[in-house]
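S.K.: What follows is each chain in one-letter form.
Protein chains: 4
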Amino acid sequence: MADVANVAILGASGYTGAELIRMLALHPRVRLTALTADRKAGQAMASVFPHLAGLDLPDLVSLDALDLSVIDFVFCALPHGTTQEIIAKLPRDMKVCDLSADFRLDDVDVYAQWYGHAHQAPDLQSEAVYGLTELARAEIASARLVANPGCYPTSAQLPLIPLLEARLIGADPIIIDAKSGVSGAGRAAKEGSLYAEVAEGIHAYGLASHRHAPEIDQGLSRAFGAEVVATFTPHLMPMNRGILSTIYVRLENGVTSADLQACLAKRYAGEAFVRVLPEGQVPHTRHVRGSNLALMGVAADRRPGWAIVVSVIDNLVKGASGQAIQNMNVMLGFPETMGLAQVPMFP
Amino acid sequence: MADVANVAILGASGYTGAELIRMLALHPRVRLTALTADRKAGQAMASVFPHLAGLDLPDLVSLDALDLSVIDFVFCALPHGTTQEIIAKLPRDMKVCDLSADFRLDDVDVYAQWYGHAHQAPDLQSEAVYGLTELARAEIASARLVANPGCYPTSAQLPLIPLLEARLIGADPIIIDAKSGVSGAGRAAKEGSLYAEVAEGIHAYGLASHRHAPEIDQGLSRAFGAEVVATFTPHLMPMNRGILSTIYVRLENGVTSADLQACLAKRYAGEAFVRVLPEGQVPHTRHVRGSNLALMGVAADRRPGWAIVVSVIDNLVKGASGQAIQNMNVMLGFPETMGLAQVPMFP
Amino acid sequence: MADVANVAILGASGYTGAELIRMLALHPRVRLTALTADRKAGQAMASVFPHLAGLDLPDLVSLDALDLSVIDFVFCALPHGTTQEIIAKLPRDMKVCDLSADFRLDDVDVYAQWYGHAHQAPDLQSEAVYGLTELARAEIASARLVANPGCYPTSAQLPLIPLLEARLIGADPIIIDAKSGVSGAGRAAKEGSLYAEVAEGIHAYGLASHRHAPEIDQGLSRAFGAEVVATFTPHLMPMNRGILSTIYVRLENGVTSADLQACLAKRYAGEAFVRVLPEGQVPHTRHVRGSNLALMGVAADRRPGWAIVVSVIDNLVKGASGQAIQNMNVMLGFPETMGLAQVPMFP
Amino acid sequence: MADVANVAILGASGYTGAELIRMLALHPRVRLTALTADRKAGQAMASVFPHLAGLDLPDLVSLDALDLSVIDFVFCALPHGTTQEIIAKLPRDMKVCDLSADFRLDDVDVYAQWYGHAHQAPDLQSEAVYGLTELARAEIASARLVANPGCYPTSAQLPLIPLLEARLIGADPIIIDAKSGVSGAGRAAKEGSLYAEVAEGIHAYGLASHRHAPEIDQGLSRAFGAEVVATFTPHLMPMNRGILSTIYVRLENGVTSADLQACLAKRYAGEAFVRVLPEGQVPHTRHVRGSNLALMGVAADRRPGWAIVVSVIDNLVKGASGQAIQNMNVMLGFPETMGLAQVPMFP
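Residue numbers (our numbering), protein chains in the order written: chain Y, 8 to 354; chain P, 8 to 354; chain U, 8 to 354; chain V, 8 to 354.
Chain Y on its own, in the form it takes in the complex:
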């Protein structure tokens, strides 16, 4: 790899695009060479996102105008559904990290069932690596196309996969009660994302029907070696960033919540971005804001034989753009933490 990679971001006018730029601007081995946004082609990034005005960035161009010959790496931050065809048209040796859901589900039939249309690039699907970095580092290192995990699935799988692999918890029930900030809904102008509709309240949505459910099931099933169907209830709450997942699990015979903590602490020892709290402590979303950290804690339930796991991430960082950069670092052979040193911002 060259010392510096020329990077393109496809779909740079959304929140995950802006967040990629915020962090890549300080990455010593990345040059932001091209930014696309079809409806805003011709505009300066600073007119779309004034907080980025101080950076030396290329103007937005349309996808058609993108010169791929000068690009070493592509982040694709386009909406679900349109991404498969676009990535299929990229050169077959172009390294890509896709932030959409389009390549996250191994089984194209499951994709079709949950997304309502046939997969448009099934041949690429078999090539795609699911990019939960800490748990798939080797595959990511040799991947050409990485499917960056969803925000909720990241927060749920990081604690659950090691526990299922170790057979410390049962596969049924696993109950994931997740609370998300509003940026997860993107920058599209929707009534349900208006300040006055979101502030000062909370509600559950997508009960038993959220598209992140099959993504979670896929990861947990693989870890458990048998089909897992998780209960997953997302909630929308008034904060810009952050996901907190409160996870209720049944302990296998003789297992204690301290065993869960020890398992996770061991599994993530030495990881730069995953931190396991001492038993009985649980994290706040505020403690990861703006950073690529994932924090988790375990506590015993009042009911014997059960435990509660709490997991937090910043949905735009470890839940999207930060993990995507982490994956790029792995794919390009850069140090994994490069460009991701931000300390959480509190308050």
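It should be emphasised that the hints constitute simulated quantities derived from the structure, not laboratory data. Be aware that a few hints might be false.
No distinction is drawn between identical chains; accordingly, a pair holds when it is met within one copy or between any pair of copies.
As the list claims (entries may be wrong) - The calculated lysine to any residue pairs, modelled on SDA-like cross-linking and capped at a C-alpha distance of 25 Å, are:
#, residue 1, residue 2
1, Lys47, Ala196
2, Lys197, Gln288
3, Lys273, Ala53
4, Lys47, Leu284
5, Lys273, Thr344
6, Lys197, Ala53
7, Lys102, Ala9
8, Lys102, Pro65
9, Lys102, Met345
10, Lys197, Pro86
11, Lys273, Asp63
12, Lys273, Leu62
13, Lys47, Ala195
14, Lys273, Glu286
15, Lys47, Pro285
16, Lys273, Leu284
17, Lys47, Glu286
18, Lys102, Val77
19, Lys47, Asp71
Using the hints provided, position chains P, U and V relative to the given structure of chain Y.
M.R.: Just chains P, U and V now, kept in the frame of chain Y:
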């Protein structure tokens, strides 16, 4: 009962005191005769709560200065722990609705275990009626001393008690994941309640150790006819008012989530303050803000044999002061909805 | 007037429509007979605004389907620009309170200049009465068509008109620095009103170009008897409701800030909805939330000869729907405060 | 200067202390050698501020236990009033940047008048340099003791000083209407800083009496060459970080708002942290969140001869800890932007 009751509020300088006044000011059969607040005795209510400045209210007095001979009804909104002794000193025929936790647990040993000191008025405890109005109307009507339920317990018990009584759901596990606004922490100046510590984030607290857990267990156990231990995880989130409880339950054989909905709809048919949504719909806290309403909805889980119940209240109204007024109305023979007609305020 | 007025709300699917309903639902002499919303015709109000689900309301109909023969009074809560033609088609004896800006500017040329198109009902304009209730009660009482004032103009004119009429302050400069909650932007899905674009920040907008500026000038000029051009800077900030206007004024020779306070206190003595604080005290928006109150306070500036006036209202109540109901009460000969007794909701 | 400076932070348990650490942790030429906090001595920083848990930090010690012999530079982030005596006891050659107000006012009599007690280190006062970096770079470079400016004064002086020096605006009136986030009030547990007291509202405070007024006057007077008394009204609003100052100024004869923009653009050309927007554009606080940036914009008023200047900073960064680090860099001969490269975080 006289046409108009002379009412005293003990501990009027906290949020629940202010909320009692907000609603009682429009109650056609209540005269606010006395307001106490020891540390603020001598002050006008408007200097403590400027939003109440337009009302014709008595100044705050110390508890010692209270002339009980002119009082017909007492709301006690004092902190936990101090209330038992104070109520014990009131005339034995004074009708009282106590908003603290001091008389909510029937078993004084359970009280001692969770509150860390012996119950100071065990004889009064046996007289106290637990005031979940819709489910204990008859006992409340003849009660002298009503223990007003806690906010979390109200949101959890309203849906769960009918379902357990009907044996539609199992007693284990019952998982209550609750999210609360900040006013539930009261007006005391605590670091953890500061704007900068609460805004833009969420965290769980009191895992497996919150004092509302035994109160919930007590109600569920009575409904089920056997001991129930619920999993209860409260979360603090950035909103002034509101509690949303997401409750995960196991269906008994052959029972569907539609059966749960039908059970609740039937149980609460005709209730002014409890509304059961059509199956599959779940409520927002915003839809009850400022009102005495409790809304609940039921949805099937993805895992067969399980269902999700979502219940919302305004923690300061149905979760505290509104239900207290509802109980007063029942105790004094007033129409139950009197003074409680506020339409929810949105946005 | 009949004991009960049959009322129609045209444009009931926005925030001001919902707020009219919240308050009129408890108005003892109003029956909500018809609600229109063209794009949502056929829907129940509860599906558009679930917080109103408990009320017995007619379904939404299209404007064309409205049977005016059974209507005694019309609230028009339609967008600017479309309202003039619609009101022009109503029966000429129908009493109307219009919440849009379409009839607020006496001079149709000024209207054309600020709104970019010719006035569509200039004959009606001459008939319209500007409905700042406390300051135009007599004209409102005999009006057929009342133009309900804008939110910012209400907060600015209530303190400034009496001071200008009394010649206690100079007409130049008058600097109005106003801060508004987000509900003032309505329920339309706009990027700028998204939670993630509004939360945790503030910005000024419409500098020297906001359409409420000529409305303010008109009222101040009338009071002063000569042309007044005010400086007016609105800001958008993260709260659902509320406007706070910080107003900087030059005192005429020998006048003190105490004189301003005394003038306002005298002018509004006996008013149910306007309260003037003691000199040196200034109000919070929180102290009027959900109520029809306007609070104001005066303080001396550090610079001799200047004073600072702070004025607060709830933009959806005294700044829109509450004042509209107040005007309806005056127009129909009902007690002015009827249906408007809500105590502010805090926290 | 050595390659790496050993730095101590006195008073590390407040928000400005934490913010110093967040940024200094990534500063390549700083080693955080000692952190003091008397009441929390012995604790780990991570227990006081869990968001800093990932950093390798010394535990908190009491001031008495601090070994100054190994320290090259001191940040003093202690409360007003106690700081003078503490800094007086430091070695006379220790370089210090003081974030309190204790050394900001040149005139110790003015200090005594506004702070209610005599200055405790008048000899040090004459040595202190007021650290508005862009406007006093040379003096700061040779200073031993820098008084870091207040948050409001930074936001007001950055645009006003160049305009007054250039005589483009009049000195009377200058009206500064400022809006601040809550972190400015610190982490002390005060009722007025509680979430429920701050969320969903705004209020003015300290009218004509805020202690930042004389600090602003001092800077403006020096720039103007004659006494300036500014009108300054701070407001508290619901956001964690950010100050927006809306400033109303009178133009000197023949001067236009474009001239103001040009003056500021020229003055700050080449500055890394100060950005002047094109004429007519005004900044949002969101666009600087978490960064050391100051943005400003100028617009013509509707009233001829007046202009409006809007200035934004993050109160904890350019308004406190960021500017302090910038000053340290200048004092120690490090590149001025070192450690301050954070891109603003939005949303």
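S.K.: Does each hint hold? Answer for all of them.
M.R.: Each hint, compared with the structure:
1. Proximity of Lys47 and Ala196 under a CA criterion of 25 Å is satisfied in both settings, with 15 Å inside one chain copy and 19 Å between copies.
2. In the homo-oligomer, the alpha carbons of Lys197 and Gln288 lie at most 25 Å apart only across protomers (20 Å), although the nearest pairing inside one protomer, at 37 Å, exceeds that limit.
3. Only between protomers do Lys273 and Ala53 lie at most 25 Å apart by alpha-carbon distance; the minimum there is 21 Å, versus 44 Å within a single protomer.
4. In this assembly of identical chains, Lys47 and Leu284 lie within 25 Å of each other by CA distance solely across copies; the values are 21 Å between and 44 Å within a copy.
5. For the homomeric pair Lys273 and Thr344, the shortest alpha-carbon distance inside one copy (20 Å) is at most 25 Å, but the shortest distance between copies (39 Å) is not.
6. Taking the closest pair of Cα atoms, Lys197 and Ala53 come within 25 Å of each other both inside a single copy (23 Å) and across two copies (19 Å).
7. Taking CA atoms no more than 25 Å apart as the test, Lys102 paired with Ala9 passes inside one copy only; the shortest distance there is 14 Å, against 43 Å between copies.
8. Taking CA atoms no more than 25 Å apart as the test, Lys102 paired with Pro65 passes inside one copy only; the shortest distance there is 21 Å, against 42 Å between copies.
9. Taking identical chains as interchangeable, the C-alpha atoms of Lys102 and Met345 lie at most 25 Å apart only when both belong to the same chain, with a minimum of 18 Å there against 33 Å between chains.
10. When the C-alpha separation of Lys197 and Pro86 is checked against a cutoff of 25 Å, the pair qualifies both within a copy, at 15 Å, and between copies, at 19 Å.
11. With identical chains, the CA atoms of Lys273 and Asp63 are at most 25 Å apart between copies only, with a shortest distance of 20 Å across copies and 42 Å within one.
12. With identical chains, the CA atoms of Lys273 and Leu62 are at most 25 Å apart between copies only, with a shortest distance of 20 Å across copies and 40 Å within one.
13. Taking the shortest Cα distances, Lys47 and Ala195 sit within 25 Å of each other both inside one copy (14 Å) and across copies (22 Å).
14. For the identical chains of this complex, Lys273 and Glu286 are intra-copy neighbours only, at 13 Å inside a copy versus 44 Å across copies, given an alpha-carbon limit of 25 Å.
15. With identical chains, the CA atoms of Lys47 and Pro285 are at most 25 Å apart between copies only, with a shortest distance of 21 Å across copies and 48 Å within one.
16. For the identical chains of this complex, Lys273 and Leu284 are intra-copy neighbours only, at 12 Å inside a copy versus 46 Å across copies, given an alpha-carbon limit of 25 Å.
17. Taking the closest pair of Cα atoms, Lys47 and Glu286 come within 25 Å of each other only across two copies (23 Å); inside a single copy the shortest separation is 49 Å, beyond that limit.
18. Taking the shortest Cα distances, Lys102 and Val77 sit within 25 Å of each other inside one copy (13 Å), while across copies they are farther apart (49 Å).
19. Proximity of Lys47 and Asp71 under a CA criterion of 25 Å is satisfied intra-copy only: 13 Å inside one chain copy versus 39 Å between copies.
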